[in-house]
Amino acid sequence: MKKLVLLFIYLICSQLSINAQNKPLTINFVPSWAGQPIDIPSSQFDEKNKDSIQIESLRYYLSNIQLVKKNKVVWSEQNSYHLIDSESADSQILKLAIPKKIKYTTLRFQLGIDSTTNVSGAMGGDLDPTKGMFWSWNTGYINFKLEGSNQRCPTRKNQYQFHLGGYAYPNASIQQVELKVVPSADMVVGVNLDQFFDQINLQEQNSTMTPGPETQHLIQIAKEIFNVK
Amino acid sequence: MTPSSTKWMICGLLLAMVLSFATIDIPFTKPEGWPEPTYDFSKNPMAAEKVELGRQLFYDPILSRDSTISCSSCHLQYTAFTHVDHDLSHGIDGRIGTRNSPTLMNLAWSPSFMWDGAVNHLDMQALAPINHADEMGEDFANVIHKLQQSDKYVSLFEQAFDDSGITGEYFLKALSQFELTLISANSKYDQVLRKEKDIAFTEQEAKGYSIFKTHCAACHQEPLFTNHQFKNNGLPVDTTLNDWGRMFVTKNPADSLKFKVPTLRNLEFSYPYMHDGRFKRIAQVVRHYTSGIQSGPTLAPVLKKPIELNKEEQIDLTAFLLTLTDKEFLFNPAHSFPRR
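Chains as they are written, first to last, in this note's numbering: chain D, 1 to 229; chain Z, 1001 to 1340.
Simulated from the structure, these hints should not be mistaken for laboratory data. One thing to keep in mind: the hints can contain errors.
[Stated by the list, open to error] Below, computed lysine to any residue pairings styled on SDA-like, alpha-carbon distance capped at 25 Å:
no.: 1; chain 1: Z; residue 1: K1152; chain 2: D; residue 2: G124
no.: 2; chain 1: Z; residue 1: K1146; chain 2: D; residue 2: I65
no.: 3; chain 1: Z; residue 1: K1043; chain 2: D; residue 2: W137
no.: 4; chain 1: D; residue 1: K131; chain 2: Z; residue 2: A1128
no.: 5; chain 1: Z; residue 1: K1043; chain 2: D; residue 2: I65
no.: 6; chain 1: D; residue 1: K131; chain 2: Z; residue 2: I1144
no.: 7; chain 1: Z; residue 1: K1152; chain 2: D; residue 2: G125
no.: 8; chain 1: D; residue 1: K131; chain 2: Z; residue 2: R1194
If you're wondering where the values come from, they're calculated on a predicted model, not measured in any experiment.
With the sequences and hints as input, model every part of the structure.
See below:
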């Protein structure tokens, strides 16, 4: 009976939302290097160190997407969890439906998964633990994952692996990102990877796979690489 | 409303009616006088088909890389779902782990899992042994892939979760459901407390119960016989393992050498004892608490003052602990290997 009532409510709500006249908003998250879009896997020249950095994969969670005007949330996506995977072009394009007459100046989202979701058991869709963005040895989602190699890394096969996560105090790593935007049906958010590597020393920082202060430091760098031209 | 949307609504209602009868809901029953469970059943409502699917998964070695290890390899029903006779549990390729597998009982009340609490939710627990190189040596995504190729599981998942296919979420929820049914609440102790007819503690057991309440119940809180906390119980460090317990998870030196307080239910059959299975006999455990406690900065405050028990009192205490055996649980066919 409960299911029946819920379905009834759902049907009525979906009818209402069609009538409310939504418009599409597409946000494309494009990895870039020195201002140019790149396709991952990719090899990029590092100006500062005069060598090349191989980027094998970039995956991260975006959650709680909101549109904001004068510090007031004018729209927020329900059940807002997205895994953005550089290897899947589809995942990099978010298709949202927002009310037609809405005005906003800022796009706001969380880089990572909130603590409540982290302690709520098995989830589906982008949050399914089969997606490889979940730590099994110490429960929790990996918020941001960047992997590749560079000759400066004194590691096996010169690999670097940044698996940034952790939800519990004092190692929470979720970050809020706010970007000034001009309303448009198609938005492009650049993910400037050169900016990330500019701020770290691969010789010393190359393998981070547990929650802690180093993760928190790195994810604060990661949150700054999102920008809108 | 247009005629076509009305038609869709009727179809939807009919579909909802079919779905609501597709699985048989079985309510989770809390034993009399027990606290409310921690597990949030609203996110994973119990159904007979899901429990059965979870049971099939629990006993199936398909979960491991080479189909040799199932959950039950280290969690055998007759020993309260722990690994009998091994101090450290062993997994794939005969590899030996660093801890004694914990018992599986009354998990709906447990706020964290593993000896160090590294896992925060029952649903997520199975991921650890599946992905661990020394346990099942598999990759969770590959387990799901293998199940998707199996006609048996395609049909079992369909029965349990309607038509949505085999996903990691469904796998974990079904396995949780089977584990949630592993309730042990019918030991002699329980029967005595429920004042069941013709059941009473012997004089020795009653004395032991009183000793237990004085010296043990602070951590091994009734009725679950654990307070679910992490404590350093004064075990000297095994230098072949150097296991610092809870500190591994929190990175906080104040958590050094702390391990989860285990339940004492069915301890008659769940030997060996402690996180590294160092004690084979209950008498050794009692002796540890009376004369073996090693002091240290993180030692549980209640253990700072030695527990003094003479020989007779130690025997009385043991007699009480044996009343925690629940044969109905240990031999319940609903929990055993699914033969069909």
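Structure-based check of each hint:
1. Between Z/K1152 and D/G124 the alpha-carbon distance is near 22 Å, which keeps this suggested pair within the 25 Å criterion.
2. Under the criterion of a C-alpha separation no larger than 25 Å, the hint pairing Z/K1146 with D/I65 is inconsistent with the structure, at around 35 Å.
3. Between Z/K1043 and D/W137, the direct Cα distance comes to roughly 23 Å. Compliance with the 25 Å bound is thereby established for this hinted pair.
4. Restraint check: the Cα-Cα separation between D/K131 and Z/A1128 comes to about 15 Å, which is no more than 25 Å; the hinted pair holds.
5. For the given pair, Z/K1043 sits about 24 Å from D/I65 by alpha-carbon distance, which is consistent with the 25 Å threshold.
6. For the given pair, D/K131 sits about 11 Å from Z/I1144 by alpha-carbon distance, which is consistent with the 25 Å threshold.
7. A threshold of 25 Å between alpha carbons decides the hint, and for Z/K1152 with D/G125 the separation of about 24 Å falls inside it, so the pair holds.
8. At most 25 Å may separate the alpha-carbon atoms for a hinted pair to count; D/K131 and Z/R1194 exceed this at roughly 47 Å.
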